[in-house]
Amino acid sequence: MFDSLNQIFTYHFMVNAFRAGTIVAIAAGIIGWFMVLRRQSFGGHTLAVVAFPGAAAATLLGVSATFGFFAFSISAALIIAIASKRGGQPGAALSEESAVIGTVQAFALAAGFLFVSLYHGALNGVNSLLFGSFLGINDSQVVTLLIVGLISLAALAVMGRPLLFAATDPDVALARRVPVRMLSVAFLVLLGLAAAEVSQITGALLAFALLVLPPATAQLLTPNPVLSITLAVAIGLAVTWLSLIVAFYSPYPLGFFITTFAFAGYLLALIWRRSARRRYVAQ
Amino acid sequence: MPQTAQQPPALELLRAEARIGRRTIWSDANVRIGQGEFVAVLGPNGAGKSTLIKAALGLQPLSAGQIRVIGAAPGRANGQIGYLPQRRSFDASMRIRGVDVVRLGLDGHRWGVPLLGIFGGPRQRQAEARVAEVVELVGAGSYAERPIGELSGGEQQRLLIAQALAPRPQLLLLDEPLDSLDLTNQSSVAALIRQICRDEGVTVIMVAHDVNPILGYLDKVVYIAHGGIVAGKPRDIITSEMLTRLYGVPIEVLKAANGRLVVVGEPEAPAAHGNRHVR
Ligand SMILES: Nc1ncnc2c1ncn2[C@@H]1O[C@H](COP(=O)(O)OP(=O)(O)O)[C@@H](O)[C@H]1O
Ligand SMILES: [Mg+2]
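Those sequence lines, one after another, are chains A and B.
Under the working numbering, the residue at position 125 of the first sequence is numbered 125, and the numbers go up by one with no gaps.
If you count the second sequence from 1, you need to add 1000 to reach the working numbering.
Keep in mind the hints are simulated off the structure, nothing from the lab.
Quick reminder that beta carbons are idealized off the backbone N, C-alpha and C, glycines included.
Hints are not guaranteed to be accurate.
[To be verified] Okay, the calculated bits of chain A under chain B, using three or more residues with CB under 8 Å as the criterion: (1) 55-68; (2) 150-159; (3) 224-233.
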C-alpha cells in the first residue's frame, strides 16, 4: 500500500493533482456548506457548468483555460445576482431565480458547444473539460487555485456569521442591520470562484460531487455547524484522495470515481440517519 | 405602569401615516407606549399591524408624521429591540440546532467567523452562558440541541423568543407569536411572554389575532382598522362605542360568562375573538 503511494508521488503530475485536489476539496467543502444551507445548489451547479464555455472560449482565444474558468463563473454569478433582483432577499420569488439560473445554464452549455465547433474539432480536451482530468495540472495552476482558495476562504471568514444569519433568518437579520442583499451577491461571487475551482478537477458537469455532496452528507450527520463544516471538508478530502489513487491505477476517468464515492458516502449517511431516527422514535 | 419621567417612551407615533405604493395603510396615528408596558396590537387581517411593527424597526418609512422608538429615530434603536416576524417556521431540511439560531440573535450581525467557539475565549463563554440562560428561560432546554427544522411550531416559537431575548433588548416586537400554535401552547407562550415583560422589565408590543389569551395581562391595546389607529386601556378601546367609531359600522362587544370578549359585526376577518377560520 505505502509502496504504491510512494510510486504515485514519484510522478510530478500526481503530486500536483493531489495538491490541487486538496485545495479544491477544502474550499468546496466550506463554501458548499453555506450553499447547501442557503439552498442554492442549483445555482452552484450552474456556475460550475459555465466553466465549460469559459475554458473553451479561453482555448479559442489562446489564453489560459484557468482564466476562462474564473472569468465565466464570476460573470455568471453577477448575471444571476443582478437578473434575479430580489434574489436572496426575504420573500424573494424562488421560481424567478430558478428561471434565471436555468436560462444561464442552458445558454452556457450551448455557448460551450459553439466554441468547441468554432475550434474545428481540434479541441480534444472536451471530455476532460466536462468530466474532469487529473493529468496536466501544472505548477502555476496549483498556485492560482491556492491563491483563489485562500482569498475566498478569507472573505468567507469575514462574512460567515452574518451570512449564516441571513440564510436562516433573513427578516430578523435585516432588522439587525445585516446587509442581506449585499451578502447574497457577495456569496454568489464566492460560489462562482469555488465552482470554477472545482470544475478544474471534476470537470464542469460533475462539480456537484465535491460542491454539494460532502456538505449535504455532513449536514445529515450532525446539526452542529462547526462539526458539520469540519466533516464536509474531511469527506471532500477523503473522496478526492481516494479517487485520485483509484483513478491512477484504472483506465476510467477521475470524475466518475469522485462522483461515485461522494454519492456512496451520501447514501450511507442517509441510511444511518433513517435508522438513527427509527431508534429515536422507538425509544 | 412603571415609567420614570426621564425615560423616553418605548414607542411614540405623532400624526403618523404609512403608505405602501399609492395605498394609505393607516394615517393620523397617535400612539404612546411607555417602557415596561405589555401591549397588544389588534385589528383585522390586512389592517396594517405588521406595517406598524416594520415602521418601528425602520423597515417601513412613514409617508407623514413622526415615529420615535426608545427616544431615537426608527432603525437607530434596533440593537435594543428583539424582533419576531410573522409566521416564520423553519424548513424541515434546515440542519442547524436550536441553540445556533438563538446564538445568531446574540451576535449573528457581527462580522467574523461563524460560531467558531472551539477556542473558547471569555467572550465566547459569556455568549454561551447567555444562550443557555435564555434557552432555560423559555423552557426549551430539552430540545435546543436538536435540529430546528425537526421541532414543532410551539418549540420553534419558544426558541425564536429566546433568540429575540438573547441580546437583552429593552423592547420586544412580536408579530403574531401565538399564531399557528394550538390552544395549550397559546396560553403557555402567552404566559411566558408576560413573565418576561414583568421579570425582565422588557416592553412587549405584540400583534395578536385573538386578544383573549392575553387580555388579563395587557396594559394597553393598539387597535388598527379602516386606516385608523386608536390606543388605550383595553376596557376603553375594546368597547362597542369605540369600535363602532373606528370601523364606521355598528359593532358590538359582548362579554361572555367566562370573561372572554366577543366582537360581533366586525367587517372582514375577526380580530378580537377566536374564530380563526374566517380569513
Ligand atoms: N410588500 C407589500 N406590497 C404591497 N402591499 C403590501 C405589502 N405588504 C403589505 N401590503 C398590504 O398592506 C396592508 C397591510 O399589511 P399588513 O401590515 O401586513 O397587515 P396585517 O399585519 O394587519 O395583517 C395589506 O392590505 C397588505 O396587502
Ligand atoms: Mg401581519
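The hints, checked one at a time:
Judged by the Cβ-Cβ criterion of 8 Å, the segment 55-68 of chain A is not covered by chain B as claimed, because only 0 of its residues qualify and three are needed. Restraint check on the segment 150-159 of chain A versus chain B: 3 residues with Cβ-Cβ distances below 8 Å, three needed, restraint holds. Using a Cβ-Cβ cut-off of 8 Å, 4 residues of the segment 224-233 of chain A lie near chain B, which meets the minimum of three, so the contact claim holds.
Going through the hint list in order, the structure does not satisfy hint 1, though it satisfies all others.
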